[in-house]
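The sequence shown begins at -19 in my numbering and counts up by one.
Any given hint could turn out to be false.
What the hints assert, rightly or not - Calculated lysine-lysine pairs in the DSBU-like style (CA-CA distance at most 35 Å, straight line):
| # | residue 1 | residue 2 |
| --- | --- | --- |
| 1 | K14 | K(-10) |
| 2 | K(-1) | K14 |
| 3 | K73 | K(-10) |
| 4 | K70 | K(-1) |
| 5 | K70 | K(-10) |
| 6 | K70 | K14 |
In case anyone wonders, no lab produced these hints; they're calculated from the structure. Model, not experiment: these values are computed from the prediction.
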Amino acid sequence: MHHLEVARSKHGISLCQRKYALEIFEDTCFLASKPSRSPVDPNLTLTQSEGSFLADPSQYRRLIGRMIYLTITRPDLAYAVHILSQFMDKPQKPHLDAAHLVL
-19 MHHLEVARSK
-9 HGISLCQRKY
1 ALEIFEDTCF
11 LASKPSRSPV
21 DPNLTLTQSE
31 GSFLADPSQY
41 RRLIGRMIYL
51 TITRPDLAYA
61 VHILSQFMDK
71 PQKPHLDAAH
81 LVL
């Protein structure tokens, strides 16, 4: 399944991942969420030693992987996704909560 839509016009080529982003929102039950001004709180500090480990870390890993792919058309998410991707080995509840805020 292709998640990158390409459109050509007289002004150039346009890339879009709207359908892919909507799939992510739907899969994570965030379809009705309101957008935030910033993808990550600048005062947020994430560490490896806070919170409880996720029972199923694959949920976090899949979400972050999908968000990495989404940065193709959303470079404004790149910094937040980069920070969150550092916790793929042993994700904890605060990491998942922060990922949900990016959505």
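Point to revise | Numbered hints the structure breaks, given as an ascending list | key: 3 and 5
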